[in-house]
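Chains L and A: place on chain X using the hints.
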Amino acid sequence: MTGPRVVVTGLGAVTPFGWGMLPLRAGLRMGVTALAPTRQLDTSRHRTRIAGEVPPAPPRAGAGVAGWPHLSRAEQFAIAAAREACGQAELDPAAGEVAVLFGGSTGGMLECEHYVARLLAVEPGRPRLAMVASQQISSPGDAVARALGARGPVATVSSACASGGLALGAALDAIRSGEVTAALAGGADELCHLTYAGFNSLRSVDERPCRPFRADRAGLSIGEGAGVLVLEALERAVARGAQPLAELLGWGASCDAHHMTAPHPEGIGAAAAISAALADAGLEPDAVAFVNAHGTGTPHNDSAEARALTSVFGGRSGPLPVTATKAAVGHLLGSSGAIEAVATVLALLDGAVQPTPGEEPADPDLGVDLVVGHPRPLAGSGVGLSTSFAFGGANAALVLASWGERP
Amino acid sequence: MSAGTRARLKELIIEHLKLDGMTPDMIEDDAPLFGEGLGLDSVDALEMVVALQKEWGIRIEGADATRETFFSVATLADMVERRRGSA
Amino acid sequence: MTRPPVPLVVTGLGVVCAEGAGREAAAAALARGEAPLAEVDRSGGYHLADGARFAALAAHHGTARWVPPMAARRMCPSSRMAVAAARMAVEEAGLEPGSPELDGAAVVVATAYGSAQVTEQLLHQILLESPETVSPALFTESVANAPAAQVALVCRARGANITVTQRQAGPPIALGLAMTELAAGRCRRVIVGAVDEVNPLLHAVLDRFRALARSTGDAPELARPFDRRRDGFVAGEGATLLVLEGADEAHARGAKALARLELTASAFDPSAPRAGWGRDPVSLAGALRRRLERAGIALDSFGAVVTGTCGSPSGDRLEALLLRSLWGEARLPPLLAPKAVLGENGAALLAAAVLAVEGAAFGSPVGFAQPDPELGVEPHGGGPTSSAPRVLVSSPAVGGAASWAVLGRP
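Residue numbers (the working numbering), protein chains in the order written: chain X, 171 to 577; chain L, 679 to 765; chain A, 3 to 412.
None of these hints come from the bench; they were simulated from the model. We treat Cβ as the ideally placed atom computed from N, Cα and C, and that holds for glycine. Hints are not guaranteed to be accurate.
Stated by the list, open to error - Subject to a maximum C-alpha distance of 25 Å in a straight line, what follows is the list of computed SDA-like cross-link-like pairs (lysine to any residue):
| hint | chain 1 | residue 1 | chain 2 | residue 2 |
| --- | --- | --- | --- | --- |
| 1 | L | K732 | X | D376 |
| 2 | L | K696 | A | P202 |
| 3 | L | K732 | X | G295 |
| 4 | L | K696 | A | A73 |
| 5 | A | K258 | A | A362 |
| 6 | L | K732 | A | A362 |
| 7 | L | K732 | X | R215 |
| 8 | L | K696 | L | K732 |
| 9 | L | K696 | A | P70 |
Stated by the list, open to error - Okay, the calculated beta carbon distance ranges per label pair:
| hint | chain 1 | residue 1 | chain 2 | residue 2 | range |
| --- | --- | --- | --- | --- | --- |
| 10 | A | A300 | X | E293 | 55 to 61 Å |
| 11 | X | H470 | L | E706 | 50 to 56 Å |
| 12 | X | R215 | L | G717 | 29 to 35 Å |
| 13 | L | E733 | X | E293 | 58 to 64 Å |
Said to hold, decoys possible - In silico negatives: residues of chain X with every beta carbon more than 12 Å from chain L:
| hint | residue |
| --- | --- |
| 14 | G190 |
| 15 | R230 |
| 16 | P239 |
| 17 | G266 |
| 18 | V292 |
| 19 | S374 |
| 20 | A385 |
| 21 | M430 |
| 22 | A432 |
| 23 | H470 |
| 24 | P547 |
Only chain X is shown next, with the shape it has when bound in the complex (with noise of 0.2 Å):
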């Protein structure tokens, strides 16, 4: 799609490996896993125990934020990551139509929770509406909306592990067609019963931190938390003296129609998002430096996204590293997309792709290059693809560049 060039001027994070920026560049870096025992999240009575859970709130967190010790934490995450992007970026999103798109699955599910089981009377004390309000999957997009002030279009998309993808690609969408000229762009979501039981229930999660692409890979960890990326017209941010991070080249979405919960075996679906994402960002597979994987960690993913990326970059002379954020901060469901789309912009802004966590290499039988104990500078260009791949078969691809780097 032809329009004007989209940066990204602006980043802002919340992950188990704390709140901000920083702590999850430098964990990202060190290879290391957040994926722990939970102590907020009650798992006593679920399969497994571990998640990647966010710690508690440094004390200004929710400084000036009307309501904060109410909101749900999948609110405050997602405002507190959209504070920090908005910082970066020196922008303010009252000052103008700025879009807000983001893409979740839990909303405030955690707090919707304990409301039933008051309801239900299986919790002491009274159900109070406060705790239901933010119930809805649009909660965090709005919470920032409203905390920001903007008042350009705002809208949520609930497509399970491929929403934050999808988000992205709409606000690209959205700045190239002129409906708006800036856009903060992620997800939030936040551990709850409802997903932890779910995934268990499928035998999806594994007991142990998961071990994307590995041999003996088990299944899946989840976890929570939020990234926003500050996405505007290049004409803008230099109009502005903003300092553009890296490019959104372009984007691609489809969908499997093969089963509602396992892959299509041979990830056709997912090498067509591939393949639209390239397309659009005008590059043929040997201008990719590296991938951000969706790599889960689950036996049917690994290899049906390994297939994928062979089936569309097995052609190419050298290398494809491959990162899965996933071992580190585990899949963030509905903002999984966000959060390795900032990561992603991360390595192309160190210049090096970042560790998986854990040191065993790739199951040989993948054919993926894994990036695998200390982080693998990028050779050549500074181009970047992050996948993400649902539930119910829906694909999401992006294609980031480092700034300057265009090819």
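Frame of chain X, contents of chains L and A only:
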């Protein structure tokens, strides 16, 4: 080999997998449940795992969670009785 | 969203609503100004004793003709209604699931509450039994994108698959995303629409927020759009799916165009609390006015406004003042209030939008008696709407978002 276990399994299959309009006598003991035959899928298998736990308190893990065990009502019934016998 | 480079047309419409399955059922209810309401199951114990009791339920209507039983067994009510409506729309458009014409089709579905019934069942399992008794089949249907995924599976549509969860503002936003897919040339047609279901827990919680209409003395529970006695909406469920494609594509296939989709727009009012309505209709009207002016669409080209009005005291107020601010001193066209007939759900809005363009009759909603003098507007009282070529769809939402769409005669 209790006919009661097989009969109950058929009822559980119909109830938990929402096979409206089916009756237990329409499910043969040895017919394949998955793929062809009844045409159930992996999610149905996981539903049965939950059903078996609720009905008989049997936890299915590892060695019992195989295609062979879940092949037919007969193989499932064998596993259930083996597990209950050793409880 | 700016105007698409090629005209986009609706070539198929499928509806499941309180009146029944099929577009004729929706048309009949809207013409009468009334649809059947059913009593919600209150045995779960969450309802207030003196609270709302009724809803415009639709999931019980037979859809076996469009959704085979072995597929339906896995579907939550939203999925089933969405698949039925999608198949009706696809059939009307003269298309076949599995055909090349549908292979790359995108699917965009808006839902406000998602799979509420399945979520309630899962919460029961987790809270009253244990997390380990959670049903995997229910969990797979609990995701908001289950209906869109099921539509793609049944129609074998492998383009982009997007679910919008933006409360009442979802449907026009979904239309906008569909337009973008087509304008960008990423697919040749889109199956787009809205679906919602009502279940006891959701109904009880809405009532606890005092969002629902209640009966008082001799006055039954009814949605009273723009009425001085309005006290809330009637929850509703249903699905409306459309087939949207380029006019040239439709023409080449010999498909009949039902309506043109010309424009969508959306904005946000930050004065809205998280579970309430905003208080700044003027800024919303300003955003829409700028979009219409940029697109060269004059207000007097609208023959009707399909409003999201549902009987909510604050919601109707916001919508009325927004429309009056937009039209200024000029006279408003007829205002249609489909949600006051078919219940508060996005499917009602979209079905009415297409039917209005087709010239369908809209009767006065049965709950309307006397206009609220503060608002100074009333719903269309039956009889033909104007012959002007366009219809404005207006949908402000709880939480602050608002969205609009412009449909025109083909």
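Checklist entry - Are there hints from earlier that the structure breaks, and if so, what are their numbers? => result Those not satisfied are hints 3, 6, 11, 13, 19, 21, 22, 23.
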